[in-house]
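Each chain, written out:
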Amino acid sequence: MCSDHQPESGDHDHDHRHDPVNDLSVSNSDLSPSDLSRRHFLQGIGLLTAAGTVGTFAVGTNAAAAATTPVAAASGELLWLSGDHHIHTQYSPDAQYTVAQHVVQAKRNAIDWMVITDHGSVAHEKVSVARTNVDVTSARNAFPDMLVFQGLEWNIPGAEHGTVFFPPTEIEVLMLQLFEGTFDGAILRPANPKENSPFMEGKATDAIYWLAEQVRAGRVPAALFFANHPSRRGVDSPHEIRNWNDAGPGVAVGMEGAPGHQAAGIAKTLGGPESARGFYDNTPTIDSFPGYPLEAYRTFGGFDWMTATVGGLWDSLLTEGRRWWITANSDSHSVYQDTFRRGAGDGKYADPTSPFFGAYGNPVDTGAAIAGNGDFWPGFYSRTVVGAKARSYVSVMQAMGQGRMWVMHGDLISALDVRVNGTSMANDGITLGGSYSVKRGGDVVVTIKITAATKPNNNGQIPQLARVDLISGPQTGRTVDKDTFKAAGTVVTKSFDVQKGAKDITFTYTFKDVRQSFYVRLRGTDGKATAPGSIEPRLDPNPIDPWSDLWFYANPIFIDLA
Amino acid sequence: MDLTIALHTPTVDLPELEHHVFTWLRRFDDRGEHRPIVREIATHMRGRYVATLHVTLPGSVGTENAATLIDRFAGDAEACGFHVAIGETHGDVASRCCVDAAPPSTDGTNDRTAHHDLRDSMVEHDTQRSGRLVTFDGYDKLPMQSTVAAITMSSAIHEIRALGADVSDETEVVLDGFVRPQYEAGRIVLYVTARGDGLFQTYETADPHQCCGGLH
Numbered sequence: 001m002c003s004d005h006q007p008e009s010g011d012h013d014h015d016h017r018h019d020p021v022n023d024l025s026v027s028n029s030d031l032s033p034s035d036l037s038r039r040h041f042l043q044g045i046g047l048l049t050a051a052g053t054v055g056t057f058a059v060g061t062n063a064a065a066a067a068t069t070p071v072a073a074a075s076g077e078l079l080w081l082s083g084d085h086h087i088h089t090q091y092s093p094d095a096q097y098t099v100a101q102h103v104v105q106a107k108r109n110a111i112d113w114m115v116i117t118d119h120g121s122v123a124h125e126k127v128s129v130a131r132t133n134v135d136v137t138s139a140r141n142a143f144p145d146m147l148v149f150q151g152l153e154w155n156i157p158g159a160e161h162g163t164v165f166f167p168p169t170e171i172e173v174l175m176l177q178l179f180e181g182t183f184d185g186a187i188l189r190p191a192n193p194k195e196n197s198p199f200m201e202g203k204a205t206d207a208i209y210w211l212a213e214q215v216r217a218g219r220v221p222a223a224l225f226f227a228n229h230p231s232r233r234g235v236d237s238p239h240e241i242r243n244w245n246d247a248g249p250g251v252a253v254g255m256e257g258a259p260g261h262q263a264a265g266i267a268k269t270l271g272g273p274e275s276a277r278g279f280y281d282n283t284p285t286i287d288s289f290p291g292y293p294l295e296a297y298r299t300f301g302g303f304d305w306m307t308a309t310v311g312g313l314w315d316s317l318l319t320e321g322r323r324w325w326i327t328a329n330s331d332s333h334s335v336y337q338d339t340f341r342r343g344a345g346d347g348k349y350a351d352p353t354s355p356f357f358g359a360y361g362n363p364v365d366t367g368a369a370i371a372g373n374g375d376f377w378p379g380f381y382s383r384t385v386v387g388a389k390a391r392s393y394v395s396v397m398q399a400m401g402q403g404r405m406w407v408m409h410g411d412l413i414s415a416l417d418v419r420v421n422g423t424s425m426a427n428d429g430i431t432l433g434g435s436y437s438v439k440r441g442g443d444v445v446v447t448i449k450i451t452a453a454t455k456p457n458n459n460g461q462i463p464q465l466a467r468v469d470l471i472s473g474p475q476t477g478r479t480v481d482k483d484t485f486k487a488a489g490t491v492v493t494k495s496f497d498v499q500k501g502a503k504d505i506t507f508t509y510t511f512k513d514v515r516q517s518f519y520v521r522l523r524g525t526d527g528k529a530t531a532p533g534s535i536e537p538r539l540d541p542n543p544i545d546p547w548s549d550l551w552f553y554a555n556p557i558f559i560d561l562a
Numbered sequence: 563m564d565l566t567i568a569l570h571t572p573t574v575d576l577p578e579l580e581h582h583v584f585t586w587l588r589r590f591d592d593r594g595e596h597r598p599i600v601r602e603i604a605t606h607m608r609g610r611y612v613a614t615l616h617v618t619l620p621g622s623v624g625t626e627n628a629a630t631l632i633d634r635f636a637g638d639a640e641a642c643g644f645h646v647a648i649g650e651t652h653g654d655v656a657s658r659c660c661v662d663a664a665p666p667s668t669d670g671t672n673d674r675t676a677h678h679d680l681r682d683s684m685v686e687h688d689t690q691r692s693g694r695l696v697t698f699d700g701y702d703k704l705p706m707q708s709t710v711a712a713i714t715m716s717s718a719i720h721e722i723r724a725l726g727a728d729v730s731d732e733t734e735v736v737l738d739g740f741v742r743p744q745y746e747a748g749r750i751v752l753y754v755t756a757r758g759d760g761l762f763q764t765y766e767t768a769d770p771h772q773c774c775g776g777l778h
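Protein sequence lines correspond, in order, to chains A and B. Quick note on numbering: the first sequence equals residues 1 to 562 in the numbering used here. Quick note on numbering: the second sequence equals residues 563 to 778 in the numbering used here.
These are computed hints drawn from the structure, not numbers from a lab. The structure displayed is predicted, hence computed values, not measured ones. Ideal placement from N, C-alpha and C gives every residue a C-beta, glycine not left out. Incorrect hints may have been included.
As the list claims (entries may be wrong) - Beta-carbon label-pair distances, calculated as ranges:
#, chain 1, residue 1, chain 2, residue 2, range
1, B, Ala768, A, Gly347, 20 to 30 Å
2, A, Gly441, B, Arg723, 39 to 49 Å
3, A, Asn141, B, Arg723, 40 to 50 Å
4, B, Met715, A, Val491, 38 to 48 Å
5, B, Arg723, A, Val480, 28 to 38 Å
6, B, Glu732, A, Pro193, 18 to 28 Å
What the hints assert, rightly or not - Chain B stretches covered by chain A per the calculated footprint, using a threshold of three residues with CB under 8 Å from any CB of chain A:
#, segment
7, 583-593
8, 619-629
9, 716-727
Required output: the full structure, derived from the provided sequences and hints.
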């Protein structure tokens, strides 16, 4: 289905000028039903003008370079689909866009699947979930090839935020409301004001048990939870993460390896907020895990400290053999250099007497770029690429649950295929998230195939991959201390320098005479920024141009002794 | 006479605690020559936010008046909603607690652990083991930007440590009027991070991004 040719995601290198939906000289009667639905959708939100052009929500140099690199990869029968599981709309108290705006922008940025995740709250549970569903349903009808999930940004009791979502079903609204009303930290907090308490931590694991139970009972085909911006405030302690994973190993499966808000470090002189990349500018509080070092609260090459640290918290989970995966998302609230401001109802979101309770009006185009916005559109900068067996909601969720994902910033590469096998000649083998079994004393070959970026990214650059690091660590079994966040045995096993201008890049590495279970994972960089005297990612300075330091990370493959 | 005063009131974050402490201190602005001299203010996190103050009573206060003044400290602190502990310090010896008072409990229970948290925080500050400093010797003379050498020469800060980078005596640090160093084993350390323009800035900033408009 998707071997060496451009896969289905290739059709996302779309150009609206050649789309009959946008060409008003093509009459409605000449359009297919789905195209007609999409035309009505675009007209309804004011994006399709009489001149037949698709309007834009963004201005400035970045928007001008909207043609993005489609993500393709050759991996047997897998479709590598780009997505984003962290997106906010007018149904969040701190956001503004319509679902439709996000869908249109995501399409422009070659996104195949997306999860709408507005913040949990009383207003959201009472009002927003149902209203969001109307908009999401409309978007699904208008764009049948875009998988639009409706989820929630859950206030994890006693911890940070997380994405929770189900595939579409007839009961998706009910399930989201039930979950949120029962388990959202913001809803629980008035009666339990101490945020960081055993009671609240217990509520979090209860919630994940509940999600897992809904899947077991067949009420929903799947349910997933990912911890968002896990190091931002230091409140996701190592034992909480382990407890979530224990409560629902098939549900609580990962975290954002890179937070959103990647434009937050852009200088004020360039219209950015000049906060910190990812808005990671916090310091420890009484709710923080006291063991985390100060640098944990900052990003490294745009990635969260838990992921960016070799031998750090993520590796400590992988060393245990935990299936704990990473993603990268936009967390899009208000987009850098966009011209739209929040619609009617500012300040009224939480007022149950207001008509804007749980929902702002549609955003208003001011006609000029608004300074201080720190986000990008879905797919504009961050991308989670999922190896699905079909273009379907459940297939995408299965792939995410199984860790068949890699992530990148700035469209650093076009495609990635990682295989573990006993021989370098094999074209098949175990790919990301999988487990490969080897006899004691046998060899394990890791084959890495990368297709370099060939088109300009949204900053107008064709990124040049400079180096790929193969990272490995032993599997040593479950730790006794659930607050461990170090894995001393995990190291960069091999760094591969990429020849400048190379398009199809292949690296292999052989682990000989294997006598212990272990895992491998990958990262790659454009090589523009590293920590002083090191190949490790740099603690991000502020201000920073996020396009000046690009990385990709791949989820692990486990190698188990037979 | 040297005192260590520890204060706790339920607050959502450190800036709010600092605000309450400074509001309380303004009550003593009318004391003229008997006005207590606040040498250092530190904050601590012990499951709750605690502020500790190193205070010197002017010699003009006199031993007899000191007891009255301490009582006033405690009374005003209670009136401001603080749980307060006051200790007398002698040289390097940690404070011996002479006052431990709490405002009337709103739910009819006494928070026993608060007492221990106040005492422990006093000891932390007195022994200079830990504590995030809000005021310290020379803090009010620090410019908006200065070199590492000048900062350590002109204030009580012993050392400037960069996270993820190195600094030298000549490194310029943007202070922006908000400097919160911390005690580490008897030394006052200011942490900084690199800026994109070759300068450094303080690790803790005055106005970090508020998630969700501060709603969560």
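Now the hints, each set against the structure:
1. Ala768(B) - Gly347(A): 20 to 30 Å: holds (24 Å)
2. Gly441(A) - Arg723(B): 39 to 49 Å: Roughly 47 Å apart at Cβ, these two residues keep to the hinted range, so it holds.
3. Asn141(A) - Arg723(B): 40 to 50 Å: violated (57 Å)
4. Met715(B) - Val491(A): 38 to 48 Å: holds (42 Å)
5. Arg723(B) - Val480(A): 28 to 38 Å: holds (33 Å)
6. Glu732(B) - Pro193(A): 18 to 28 Å: violated (48 Å)
7. 583-593: violated (count 0)
8. 619-629: Result for this restraint: violated, n = 0.
9. 716-727: Three-residue rule met by the segment 716-727 of chain B, so holds; n is 3.
Consistency note: the structure conflicts with the earlier hints numbered 3, 6, 7, 8.
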